[in-house]
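Engineer: Next come the chains, spelled out residue by residue.
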Amino acid sequence: MFGYVLPRRDKLSEAENARYRAAYCGLCRDLKKRYGFRARFLVNYDMTFLYFLLQEGEAKQPEHRYCPARLFCKKDCLPPDGAMDYAADLSVLLSCWKLRDAKRDDGFFKRAAASLCLWLYKKPFRKAAAAHEYENRVFAEQLARLSTLEDQRCESIDRAADAFASLLKACAGYHADETLRRTKELLLYHVGRFLYLTDALEDLQKDNKSGAYNPLRYRYALQDGALTQADKEQFLETVDASISLAASALELLPETADRAILNNIIYYGLPAVLKCVADGSFRKKGNRR
Amino acid sequence: MKDPYEVLGVPHGASDEEIKKAYRELARKYHPDNYTNNPLADLAEEKMKEINEAYDILTSGKATDGSSSSYGGSSSYGGDLGEVRRLIQLGNLDAAEAKLDGIANHNAEWYYLRGVIAQRRGWMDEAAQNFRIAANMEPGNFEYTRAAQSAGGGGYTYRQTQYNDYGGNDDLCNLCSTLMCLNCLCNGCR
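So the protein lines, in turn, are chains A and B. Following the numbering used here, the numbering of the first sequence begins with 1 at its first residue and continues without gaps. Following the numbering used here, the numbering of the second sequence begins with 1 at its first residue and continues without gaps.
Extracted from the complex, chain A is given alone in its bound form (with noise of 0.2 Å):
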């Protein structure tokens, strides 16, 4: 995943802040209790702000559990729960689907780890895959389409961006209420178009020099292999009517008990992430992933 998806710390409550990291935690617990330790490694934030979104009903009270990265000392987790398990699941299918894709693209010694890490997820990711078939189905479907798209070194980075936000569309699947769904999806559908628009602008110098595929490089004349500030504004602005979309849905959405988190992440967070990455202070060097 991207690691996108974050809240602005800063804007949490004290008491906000600590039910975030008890999802994060609870997450990474869930995915041991399902899958075995091996599953830990991949708990992230993303799939954090998936719990929130789809968690309904009362707020669930953490409870203290041992962690193994604090050389076991205790933390508070959040019980798992429908939300928790398919966001665990879902945390499963993403990585292995993202490793898949890493086997095909990167260089020699990149492949090799990424053939090692889906042989070690083997079990996990077939059980996975066998618990949500639908969602499995539009990952496979929507990555071949992404990968047909960058082979045709497509111009539009509507049409590519599409592709990946149709993939986390599908995790609204969780709900089966029909209006429920149908909101999730267009906040998902943006928040994915979001993160692949954000990654493009973050690899844009990378791309340009390995010769890989990046829509800004072909939707765009580029100078010194960046962005000209006049068609950076005009790609800002359009990364922010996505941003802006995700809102109205969100909005639309009913109350639940974190609902402060999940304003938090797309009113404050999701903007400061782009203005971040747009002005590099992101990720400091040597830090990337």
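Honestly, the hints are just simulated from the structure, not real lab data. By construction, the Cβ of each residue, glycine as well, lies at the ideal position given by its N, Cα and C atoms. Treat each hint with caution, since some may be false.
To be verified - Far from chain B by the CB rule (all over 12 Å, computed), these chain A residues: (1) Ser13; (2) Glu58; (3) Pro80; (4) Trp119; (5) Glu133; (6) Arg159; (7) Ala165; (8) Arg193.
To be verified - The calculated BS3-like cross-link candidates involving lysine-lysine, where the alpha carbons are at most 27 Å apart (straight line), are: (9) B/Lys29 x B/Lys49; (10) A/Lys103 x A/Lys127; (11) B/Lys2 x A/Lys60; (12) A/Lys275 x B/Lys29.
To be verified - Covered stretches of chain B, going by a simulated chain A footprint (3 or more residues, C-beta under 8 Å): (13) 37-45; (14) 120-126.
Here the structure of chain A is known, so what remains is to put chain B in place on it, guided by the hints.
Structural biologist: Same frame as chain A, now just chain B:
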């Protein structure tokens, strides 16, 4: 029927002034103009209706400004492009696009409708490109100019809401990302 106080998000026994204020805020948020060409426009309209009804009850039936009245474009257009408009209204975007592709005469309206189809799909960059072409071809047309100005934003701007002070200064941003990296390293612990 939902509790009208709950719909407006005010406590029972709130004053007229408070009710009015809450109503105005909600009406601004869910106004149809904010959901133009948004696939969820029908849900926003429903919400607006609910808010209007709640307000009507609480102000003992005094008339509201009726902002939930019908919208969504007229269907009085004729010809092939009128058919495209009709298909867009029905939400059949693929058919609308196919029909549009079959028309040889690429006038301003043609580009505008291409923009609307892209906007309905959430393809905001293509929408903005097409709206700009339409507005340049026919500078006097209000519909095209307005669409080009909003540049494919789709109406709703999240900065209208109470969260409009996002962004902060760079130091906070850096601090935030440093904390995020640290958090990655220690698996989400403080």
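Engineer: It remains to establish, for every hint, whether it holds in the given structure.
Structural biologist: Hints, one by one, checked against the model:
1. Ser13: holds, 15 Å
2. Glu58: holds, 17 Å
3. Pro80: Non-interface label stands for proline 80 of chain A: nearest chain B Cβ at 16 Å, farther than 12 Å.
4. Trp119: Since the minimum Cβ distance to chain B is about 24 Å, tryptophan 119 of chain A lies beyond 12 Å and the statement holds.
5. Glu133: At about 25 Å from chain B, glutamate 133 of chain A clears the 12 Å cut-off, so the statement holds.
6. Arg159: violated, 7 Å
7. Ala165: Label violated. Min Cβ-Cβ 7 Å, cutoff 12 Å.
8. Arg193: violated, 7 Å
9. B/Lys29 x B/Lys49: Cα-Cα ~13 Å, so holds.
10. A/Lys103 x A/Lys127: Within the cut-off at roughly 21 Å; holds.
11. B/Lys2 x A/Lys60: Between lysine 2 of chain B and lysine 60 of chain A the Cα gap is close to 26 Å, so the pair holds against 27 Å.
12. A/Lys275 x B/Lys29: Within the cut-off at roughly 25 Å; holds.
13. 37-45: holds (count 5)
14. 120-126: Contact hint for the stretch 120-126 of chain B vs chain A: holds, 6 residues under 8 Å.
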